[in-house]
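So the protein lines, in turn, are chains A and B.
Heads up: the first sequence is residues 1 to 484, going by my numbering.
Heads up: the second sequence is residues 1 to 484, going by my numbering.
It should be emphasised that the hints constitute simulated quantities derived from the structure, not laboratory data.
Predicted model only: the values in this text are computed from it and were never measured.
Be careful, since some hints might not be right.
[Claimed, not checked] A few chain B positions that, by computed beta-carbon distances, are all more than 12 Å from chain A:
id : residue
1  : PRO14
2  : LEU39
3  : ARG43
4  : LYS93
5  : LEU95
6  : ASP112
7  : LYS172
8  : THR208
9  : ILE246
10 : ASN276
11 : PHE334
[Unchecked claim] Computed Cβ-Cβ distance ranges for the label pairs, DEER-style:
id : chain 1 : residue 1 : chain 2 : residue 2 : range
12 : B       : ARG89     : A       : PRO414    : 22 to 32 Å
13 : B       : THR58     : A       : PRO70     : 34 to 44 Å
14 : A       : LYS448    : B       : ASP308    : 47 to 57 Å
15 : A       : PRO414    : B       : GLU62     : 52 to 62 Å
Glycine is no exception: its CB is placed at the ideal position from the N, C-alpha and C atoms.
Number of protein chains: 2
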Amino acid sequence: MGSRQHVRDIQNGPPLHYASDIRAYKKEYAEALDAQDPLRSFRDEFIIPSKKDLKRKTLAAEESSEASDPKSIYFCGNSLGVQPRSTQRYIEKYLRAWATKGVTGHFVPHEDELLPPFVDVDTAGSKLMAPVVGALQSEVAVMGTLTANLHLLMASFYRPTKEKFKIILEGKAFPSDHYAVESQLRHHNFDPKEGMVLVEPENLDKPTLSTEQIIKVIDENASSTALVLLSAVQFYTGQYFDIERITAHAHSKDILIGWDCAHAAGNVDLRLHDWNVDFAAWCNYKYINSGPGGMAGLFVHERHGRVDEKQPDSNETFRPRLSGWWGSDLATRFNMENRFTPQVGAAGFQLSNPSVLDITAVVASLEIFNRATMDEIRKKSVNITGYLEHLLTKYPLDAPAESKPFTLITPSNPAERGAQLSIRLQPGLLDRVLHTLEEHGVVIDERKPDVVRVAPAPLYNTYTEVWEFCQIFLQACEEAVKAR
Amino acid sequence: MGSRQHVRDIQNGPPLHYASDIRAYKKEYAEALDAQDPLRSFRDEFIIPSKKDLKRKTLAAEESSEASDPKSIYFCGNSLGVQPRSTQRYIEKYLRAWATKGVTGHFVPHEDELLPPFVDVDTAGSKLMAPVVGALQSEVAVMGTLTANLHLLMASFYRPTKEKFKIILEGKAFPSDHYAVESQLRHHNFDPKEGMVLVEPENLDKPTLSTEQIIKVIDENASSTALVLLSAVQFYTGQYFDIERITAHAHSKDILIGWDCAHAAGNVDLRLHDWNVDFAAWCNYKYINSGPGGMAGLFVHERHGRVDEKQPDSNETFRPRLSGWWGSDLATRFNMENRFTPQVGAAGFQLSNPSVLDITAVVASLEIFNRATMDEIRKKSVNITGYLEHLLTKYPLDAPAESKPFTLITPSNPAERGAQLSIRLQPGLLDRVLHTLEEHGVVIDERKPDVVRVAPAPLYNTYTEVWEFCQIFLQACEEAVKAR
Ligand SMILES: Cc1ncc(COP(=O)(O)O)c(C=O)c1O
Ligand SMILES: Cc1ncc(COP(=O)(O)O)c(C=O)c1O
Numbered sequence: 001m002g003s004r005q006h007v008r009d010i011q012n013g014p015p016l017h018y019a020s021d022i023r024a025y026k027k028e029y030a031e032a033l034d035a036q037d038p039l040r041s042f043r044d045e046f047i048i049p050s051k052k053d054l055k056r057k058t059l060a061a062e063e064s065s066e067a068s069d070p071k072s073i074y075f076c077g078n079s080l081g082v083q084p085r086s087t088q089r090y091i092e093k094y095l096r097a098w099a100t101k102g103v104t105g106h107f108v109p110h111e112d113e114l115l116p117p118f119v120d121v122d123t124a125g126s127k128l129m130a131p132v133v134g135a136l137q138s139e140v141a142v143m144g145t146l147t148a149n150l151h152l153l154m155a156s157f158y159r160p161t162k163e164k165f166k167i168i169l170e171g172k173a174f175p176s177d178h179y180a181v182e183s184q185l186r187h188h189n190f191d192p193k194e195g196m197v198l199v200e201p202e203n204l205d206k207p208t209l210s211t212e213q214i215i216k217v218i219d220e221n222a223s224s225t226a227l228v229l230l231s232a233v234q235f236y237t238g239q240y241f242d243i244e245r246i247t248a249h250a251h252s253k254d255i256l257i258g259w260d261c262a263h264a265a266g267n268v269d270l271r272l273h274d275w276n277v278d279f280a281a282w283c284n285y286k287y288i289n290s291g292p293g294g295m296a297g298l299f300v301h302e303r304h305g306r307v308d309e310k311q312p313d314s315n316e317t318f319r320p321r322l323s324g325w326w327g328s329d330l331a332t333r334f335n336m337e338n339r340f341t342p343q344v345g346a347a348g349f350q351l352s353n354p355s356v357l358d359i360t361a362v363v364a365s366l367e368i369f370n371r372a373t374m375d376e377i378r379k380k381s382v383n384i385t386g387y388l389e390h391l392l393t394k395y396p397l398d399a400p401a402e403s404k405p406f407t408l409i410t411p412s413n414p415a416e417r418g419a420q421l422s423i424r425l426q427p428g429l430l431d432r433v434l435h436t437l438e439e440h441g442v443v444i445d446e447r448k449p450d451v452v453r454v455a456p457a458p459l460y461n462t463y464t465e466v467w468e469f470c471q472i473f474l475q476a477c478e479e480a481v482k483a484r
Numbered sequence: 001m002g003s004r005q006h007v008r009d010i011q012n013g014p015p016l017h018y019a020s021d022i023r024a025y026k027k028e029y030a031e032a033l034d035a036q037d038p039l040r041s042f043r044d045e046f047i048i049p050s051k052k053d054l055k056r057k058t059l060a061a062e063e064s065s066e067a068s069d070p071k072s073i074y075f076c077g078n079s080l081g082v083q084p085r086s087t088q089r090y091i092e093k094y095l096r097a098w099a100t101k102g103v104t105g106h107f108v109p110h111e112d113e114l115l116p117p118f119v120d121v122d123t124a125g126s127k128l129m130a131p132v133v134g135a136l137q138s139e140v141a142v143m144g145t146l147t148a149n150l151h152l153l154m155a156s157f158y159r160p161t162k163e164k165f166k167i168i169l170e171g172k173a174f175p176s177d178h179y180a181v182e183s184q185l186r187h188h189n190f191d192p193k194e195g196m197v198l199v200e201p202e203n204l205d206k207p208t209l210s211t212e213q214i215i216k217v218i219d220e221n222a223s224s225t226a227l228v229l230l231s232a233v234q235f236y237t238g239q240y241f242d243i244e245r246i247t248a249h250a251h252s253k254d255i256l257i258g259w260d261c262a263h264a265a266g267n268v269d270l271r272l273h274d275w276n277v278d279f280a281a282w283c284n285y286k287y288i289n290s291g292p293g294g295m296a297g298l299f300v301h302e303r304h305g306r307v308d309e310k311q312p313d314s315n316e317t318f319r320p321r322l323s324g325w326w327g328s329d330l331a332t333r334f335n336m337e338n339r340f341t342p343q344v345g346a347a348g349f350q351l352s353n354p355s356v357l358d359i360t361a362v363v364a365s366l367e368i369f370n371r372a373t374m375d376e377i378r379k380k381s382v383n384i385t386g387y388l389e390h391l392l393t394k395y396p397l398d399a400p401a402e403s404k405p406f407t408l409i410t411p412s413n414p415a416e417r418g419a420q421l422s423i424r425l426q427p428g429l430l431d432r433v434l435h436t437l438e439e440h441g442v443v444i445d446e447r448k449p450d451v452v453r454v455a456p457a458p459l460y461n462t463y464t465e466v467w468e469f470c471q472i473f474l475q476a477c478e479e480a481v482k483a484r
């Protein structure tokens with residue numbers, strides 16, 4: 001009796017961790033997690049496409065009330081985040097400022113503005129960006145695009161010599177990073193075949209890379225390597241690398257290291273400053289919901305952004321870089337005197353006056369992140385992605401492991417991944433599974449021939465969606481297997 | 001009697017050219033020019049700030065009808081163009097596409113869309129951009145920012161050797177171009193003092209540069225120069241250089257030449273293709289009214305954009321460049337195979353997926369340009385700026401030339417200038433003149449200590465505004481002289 005009472009207590013009590021709660025496979029459990037989620041109110045700050053939206057052939061709104069249309073299950077924030085409700089309001093204010101003030105909008109503030117005058121929007125951006133990536137404000141700039149920023153940063157941080165010229169990167173780096181590195185080598189007249197050191201997975205069935213392996217490759221090439229460029233979270237596997245340890249190791253070999261944080265910014269709790277990262281760049285259209293192609297960000301560690309000390313091999317007091325007027329000292333920017341002294345920090349890497357429209361969308365989104373904290377966001381992320389993994393691998397309870405026609409290629413250790421799980425389907429299932437998911441209004445993305453990437457975004461996705469997704473996905477797999 | 005009748009005929013007849021019409025100094029004359037201006041209806045496509053707008057301390061709209069508020073005289077399109085009315089509609093559609101479709105918006109078209117799906121907006125941009133700068137569609141890309149584009153282009157077109165490494169540019173180049181060139185030289189380990197050849201005005205009172213002088217500097221440095229980088233229309237003097245002749249001359253000395261078209265695009269009738277220009281870059285926030293910092297453009301001549309012939313000093317079939325995935329061949333872009341083959345033409349210089357928001361604003365504006373033609377726009381521009389010059393220098397009819405406390409530093413030959421006139425005031429007058437102009441709701445910009453830049457934009461400015469401006473400006477000068 002005592003033990004039955006105990007079971008009843010648990011069954012009526014608050015949800016335990018999914019690993020030890022026998023109710024975890026029930027929708028009510030997911031709903032209970034949502035009810036006690038400290039971030040739950042943030043979902044209302046975003047526009048989640050409805051299932052109807054995804055099927056409509058027009059953009060124009062329809063008569064019927066849309067608020068009540070069932071929402072899609074949007075697990076694709078790793079590719080393109082959804083739109084904050086505030087974005088439109090921010091943009092309307094911007095349009096109004098431009099329309100009513102014209103060029104005077106560069107300097108004239110307004111009582112009811114959401115952003116400072118045009119010349120200061122970059123500062124507003126870096127202020128909100130810094131805490132999201134664990135940086136000092138002076139270490140970040142909201143500017144440009146990801147691949148362009150990687151090139152600008154390499155122009156400063158990749159200064160090869162005949163002896164030390166190699167760049168270490170992932171064998172399965174995102175194509176743009178691969179091309180960027182390849183063309184940087186060519187730019188300096190090195191043969192990419194000699195200069196690109198690709199860290200390849202040791203086992204194709206397990207395409208992740210261990211820290212040891214990366215460190216080994218660094219060691220093997222230490223004397224000839226000028227730069228390591230890795231992604232913080234791997235786009236394909238979802239693996240979150242040990243940035244701190246790898247960075248320290250590169251430094252111990254006198255090698256600079258940069259991180260592509262496209263899949264990490266707004267996803268995991270980066271500490272770029274504390275980890276001594278030399279430089280980093282990212283886009284803001286994934287977990288940081290700024291819209292397709294939206295303005296990007298970059299990080300330059302404090303110690304590289306100084307404008308005071310004589311530089312090695314140069315008469316300048318600042319790190320060499322490709323320069324533009326927007327990076328020059330604010331006090332003299334408009335003097336037209338053609339003497340370049342950069343602003344301290346990442347701002348000194350700016351080239352052009354930024355698109356105020358574009359940065360406005362970034363700021364609208366960052367303002368939401370600044371009302372939560374990356375700490376809280378990451379905490380929910382670990383839990384919601386863990387729950388997703390749990391349901392995918394442990395449910396139905398009585399299903400033999402072999403009956404699951406997929407494996408997870410993302411590390412199962414939460415410290416080694418972000419929001420995303422990459423699921424590899426058995427051959428021949430992908431198209432049919434995708435079709436079923438789409439029919440049910442599930443938005444995820446695929447990497448042909450056999451991987452789907454699924455990413456619950458902690459700011460707007462719910463545990464209940466995770467539960468529903470698993471129902472649909474497991475059924476889709478079952479049907480696909482049958483039809484094979 | 002016959003001759004009096006003749007005078008009366010003229011006085012009642014249609015306006016003649018301002019140089020030979022005795023009524024040119026009268027407001028009715030200006031109004032008559034407006035009435036017969038074939039571009040007059042375009043003014044309605046733009047939001048001109050009202051005088052009240054410029055003074056209000058809030059962005060929020062006021063109760064009172066705004067359409068009837070007197071407009072400012074906005075002659076500052078050389079710095080920041082005004083907002084097309086259509087911009088907001090375009091952006092709303094974009095926001096709706098992102099909100100309702102999320103990531104599927106990259107590929108899914110809509111019946112009522114103004115722009116194609118996200119992945120194709122760059123093509124929509126280049127199509128509309130090409131005729132504005134006199135290029136083939138394949139020769140232009142809407143991307144990045146001006147200074148960043150200059151760097152990317154120099155990475156491809158500035159390949160210095162020990163012998164041939166100099167860059168020729170204006171002594172009074174826009175600071176960003178100066179910094180860009182300086183840092184490119186440093187990037188290649190050259191001393192800017194040796195590598196930057198500055199074409200300086202021979203006479204400080206006349207800061208324009210003759211074609212002969214530029215050609216002379218090219219000749220003097222021919223054997224050691226790798227690149228010429230000039231502005232097409234000079235930001236300070238308003239001078240429009242003889243691009244065709246200077247380009248041909250540089251080529252005759254085996255020197256590549258690029259043009260910064262910031263003040264030329266949408267202003268003068270460029271023929272970048274026909275003139276054999278190697279490369280060019282520009283911003284779209286001045287005469288092409290895309291908003292502060294809005295996405296920029298670049299041009300790469302057809303012969304440099306080929307992807308077929310073996311390149312000198314390289315195993316590749318394309319011109320070396322800093323690369324990114326958005327420049328790679330469309331057929332394989334999403335294959336993640338890490339083999340870079342660029343798209344043919346300027347698109348092959350793209351790095352990143354472009355901000356759809358930002359490019360949307362550019363396209364909204366370009367659509368207007370494509371309903372006029374640069375030919376017509378330039379025709380009106382020559383006439384309206386000529387009229388401005390005429391009124392400034394010839395009016396009042398009885399004023400002795402010495403009584404005008406200013407000189408024009410912009411060339412008086414219409415073929416050597418665009419919309420802008422740069423007016424140099426006598427010492428000590430600037431602040432007071434600016435104050436009076438501002439009081440009267442005139443928006444122009446100044447270059448301290450003594451220059452104002454005045455640019456009637458042919459798409460939205462009127463002859464009557466020119467007339468009114470001159471009234472105000474001449475009076476402002478008179479008052480400033482008295483108060484001196
Ligand atoms: C001639 C010229 N070049 C370069 C620039 C710099 O432009 P951006 O800040 O867009 O790079 C400007 C800006 O006004 C300019 O007028
Ligand atoms: C890891 C990574 N690097 C680079 C890129 C390229 O980004 P962009 O097109 O913004 O330069 C992406 C785009 O998804 C990415 O995921």
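Say whether it holds or is violated: ILE246 (chain B) keeps its Cβ farther than 12 Å from all Cβ of chain A. holds, 22 Å
Please test the hint of 34 to 44 Å on the beta carbon pair from THR58 (chain B) and PRO70 (chain A). At 40 Å between Cβs, range holds.
Cβ separation check - LEU39 (chain B) to all of chain A, threshold 12 Å: holds, 20 Å
22 to 32 Å as the expected CB spacing between PRO414 (chain A) and ARG89 (chain B), which holds or is violated: violated, 46 Å
Does the no-contact call for ARG43 (chain B) survive, Cβ to all of chain A over 12 Å? holds, 15 Å
The hint says 52 to 62 Å between PRO414 (chain A) and GLU62 (chain B); measuring C-beta to C-beta, is that right? holds, 54 Å
LYS172 (chain B) clear of chain A by more than 12 Å, beta carbon to beta carbon? violated, 8 Å
Measuring Cβ to Cβ, find out whether THR208 (chain B) lies farther than 12 Å from everything in chain A. holds, 17 Å
Was LYS93 (chain B) rightly flagged as not at the interface, with every chain A Cβ beyond 12 Å? violated, 6 Å
Beyond 12 Å from every chain A Cβ - status for PRO14 (chain B): holds, 33 Å
Since LEU95 (chain B) was said not to touch the interface, does its Cβ keep a gap of more than 12 Å from each Cβ of chain A? At about 6 Å from chain A, LEU95 (chain B) fails to clear the 12 Å cut-off, so the statement is violated.
Lying within 47 to 57 Å: is that true of the beta-carbon distance LYS448 (chain A) to ASP308 (chain B)? At roughly 29 Å between Cβ atoms, ASP308 (chain B) and LYS448 (chain A) fall outside 47 to 57 Å, so the hint is violated.
Hints 4, 5, 6, 7, 11, 12 and 14 from the list above are not met by this structure, while the remaining hints are.
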